[in-house]
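Chain order of the listed sequences is X and L. Using my numbering, read the first sequence as starting at 1 and increasing by one per residue. Using my numbering, read the second sequence as starting at 1 and increasing by one per residue.
In short, the hints are calculated from the structure, not lab data. It is possible that part of the hints are untrue.
[What the hints assert, rightly or not] Reference excerpt, derived from the structure (chain L facing chain X, CB under 10 Å, subset only):
| id | residue |
| --- | --- |
| 1 | Thr189 |
| 2 | Ile192 |
| 3 | Gly213 |
| 4 | Thr215 |
| 5 | Asn263 |
| 6 | Arg362 |
| 7 | Asp422 |
| 8 | Met430 |
Here a beta-carbon is modelled for each residue, glycine too, at the ideal position from N, C-alpha and C.
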Amino acid sequence: MKKFLRWSAIVIGCLVVVGFLAFLYFIPPLTMVPQTAFTQPLAQALDAPLKSIKDPAEKILAERGKMIVGHSACSDCHTPQGAQGPNYNEFLAGGGMKDEFKLYGSVVSRNLTPDKETGIGMRTDAEIMRVLRSGVSHDGRVMTPVYMPWFDFSNMTDEDRYAVVVYLRHLKPVWNKIPGYSPLSDFEKLSETAGDYAEHKSLH
Amino acid sequence: MRRWLIRVSFGIVGAAAVCLLFVWTGTLSPLNSSPNPDQSERSMSLGKAIYQSRCAICHGDDGKGEGRAAALLNPKPLDFTSGMYKIRTTESGSIPTDEDIARAITNGLHGSAMPDWGPFIHGDSLKAIITYIKLFSPRFKEEKPRIVHISSPVPSSESSIANGRRVYAKLQCASCHGTDGKGAGATATDLIDDWGNEITTANLTEPWTFKGGGTARDIYLRFRTGMNGTPMPSYIGSASEKEMWNLANYVVSLARKPVWAMNAEELKAFYAAADAEAKKNPVRRGKYLVESFCEGCHSGYSADGKVLPEFKLAGGLVFDLYPFGKFTSFNLTSDKETGLGNWTDAEIKRAITQGIQRDGSRLLPFPMPWTSIAQMPDDDVNAIIAYLRTVPPIRNKVPMPEKPNIFSYMWGKFEMLILKKDAPGYIYPMKDFRQMEHDAKSGTVGGQVSKEPQSTSANSLSSPLVAHNENPFGNEERGAQQ
């Protein structure tokens with residue numbers, strides 16, 4: 001009996017070790033993955049939309065926009081997350097960042113692809129640039145700071161913001177419906193900005 | 001006869017009724033008596049509501065221009081309590097007219113973060129918000145706006161522009177705006193406004209960034225009225241009306257093409273020149289990049305989510321990402337002990353493009369987006385480092401990343417990958433964290449409890465950063481009362 005217990009303990013111990021090693025092998029800690037495994041897929045995803053642009057002027061602008069979209073890390077929040085990191089097949093299609101606030105509603109990153117129904121296909125250039133300049137979305141709501149760091153992008157020049165818009169217009173459109181701004185049912189009661197809420201309602 | 005009598009009496013009664021009605025409505029009409037207090041009260045609460053939800057984030061609850069986002073914006077939001085408005089049609093030093101304020105709200109101020117609110121604030125809302133904004137300064141009660149008389153414009157012509165160039169030299173515009181309008185050879189370079197904030201001169205070749213608009217009339221008005229609170233004076237004494245119009249025509253003629261109107265060759269030349277300029281002056285390019293991408297996370301915040309100007313670029317924003325650990329944004333100032341003062345250029349470059357810390361350990365690909373900075377051209381990375389060297393030191397000790405123990409990390413990964421749970425992530429300022437945690441534990445925070453034990457406190461801690469002005473604890477209490 002003692003022997004059996006000892007053996008079973010050894011077997012279980014071995015299984016745990018093997019399982020742990022297998023886990024490490026298939027899902028290694030992110031700090032063990034070589035850097036290029038992160039940077040190269042991102043670089044490819046960033047470059048992909050540029051190939052199909054015919055108009056030479058637009059191509060130069062889009063290249064500039066790509067540079068800015070690249071280093072301002074739009075993709076960190078706006079690309080949906082797969083099981084193993086960002087899903088670059090749906091580059092910038094939104095939903096990569098989700099947060100719920102028990103008082104105010106939810107924060108979900110928007111779909112930035114030019115999809116007509118769910119993305120920026122239905123937004124004008126001025127509306128997109130207003131978001132980047134002042135954090136005011138198409139319905140007049142001031143965007144949640146820190147999550148969308150518009151007060152950083154506000155310091156960009158208008159020309160750079162325009163280049164970003166040109167680049168975003170050439171992304172692969174992806175249908176990805178992001179839940180809209182959803183104030184909680186007791187938002188009006190909790191907030192002093194009832195007037196704002198009424199205004200918001202009348203816009204929809 | 002009887003029928004006639006009935007008709008007359010009906011007529012008399014009707015006329016009396018109409019007269020009575022007139023008298024009755026007469027007493028109510030605002031023309032005959034003081035304005036309906038109900039009406040003005042409603043307008044006031046509407047004004048307050050709009051101000052708090054749309055304006056206070058930059059201009060502050062008290063109208064002093066010190067809202068939560070203000071410290072990072074360039075130029076800074078206006079201080080309403082001073083009554084000094086830049087874009088007016090009134091004499092230098094005077095308060096603006098209601099139309100001036102309405103125009104600024106509707107069209108926005110180009111070259112700043114003030115957007116065009118026209119689609120969202122109009123009609124009664126616009127009137128209400130103007131009334132509310134004017135309450136911040138007592139000057140609107142004491143003074144009347146002195147509207148300028150706009151003389152008849154001088155049409156733009158070659159001779160007018162040539163005259164304007166002479167006026168440009170005579171009024172010494174070049175000492176701030178440079179001989180080419182872009183600041184070349186300017187002698188006054190460290191300009192500050194009346195509130196002590198650094199300001200930059202307008203680039204006269206980019207009329208789409210002029211706050212008051214880019215037409216000759218707009219530019220003439222800036223000369224005529226000056227810009228209150230800034231070093232831009234009114235030239236009413238030193239130049240004639242005609243000279244000011246000529247100068248306006250000259251400034252209009254300086255305009256270059258914006259990128260959205262350029263063709264491919266022009267764009268190529270424009271960006272090549274911009275890159276060469278950036279290489280020649282890396283600190284300026286680095287400042288632009290750092291201000292437009294780094295500051296938001298690498299700055300200190302107060303408990304209610306306000307960027308603290310004294311902790312700009314000094315780090316201190318905590319990213320609590322379960323199950324990876326807690327990461328605090330680093331102090332990027334040149335402080336020797338707590339900042340980048342002792343780092344070599346190569347170490348900074350390695351950290352921001354390869355995610356390798358100074359001690360050789362690796363960073364995760366988030367929240368510090370070194371994977372994205374790796375996409376940057378080499379010159380830009382060097383420019384960022386060159387600028388960070390010039391940032392004055394601020395002492396702010398930032399803790400190193402806190403990693404969870406291996407078991408909770410494994411369990412967290414198991415939850416994420418197998419149970420497909422969304423990993424909760426929270427962002428909150430480091431400085432007030434302890435105090436707020438204490439409040440949360442002592443039961444000030446109630447309400448819904450989420451599944452994760454640490455998220456109960458962290459969730460409410462991160463809510464100050466939501467686009468609302470109230471303290472979350474205050475909100476809780478009000479919610480509980482109702």
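Consistency of the hints with the structure:
With a least beta-carbon distance of about 19 Å to chain X, the hint placing threonine 189 of chain L at the interface is violated under the 10 Å criterion. Interface hint at isoleucine 192 of chain L: violated, since its Cβ lies 18 Å from the closest Cβ of chain X, which is beyond the 10 Å cut-off. Given the 10 Å rule on beta carbons, the hint for glycine 213 of chain L is violated: about 14 Å separates it from the nearest Cβ of chain X. This hint is violated: threonine 215 of chain L has a C-beta 17 Å from the nearest C-beta of chain X, more than the 10 Å allowed.
The interface hint given for asparagine 263 of chain L holds, since its Cβ lies 5 Å from the closest Cβ of chain X, which is under the 10 Å cut-off. Interface restraint check: arginine 362 of chain L against chain X, minimum CB-CB distance 4 Å, threshold 10 Å, status holds. Annotation: aspartate 422 of chain L was flagged as interfacial toward chain X, and the flag holds, the nearest CB pair being 6 Å apart, inside 10 Å. The interface hint given for methionine 430 of chain L is violated, since its Cβ lies 13 Å from the closest Cβ of chain X, which is over the 10 Å cut-off.
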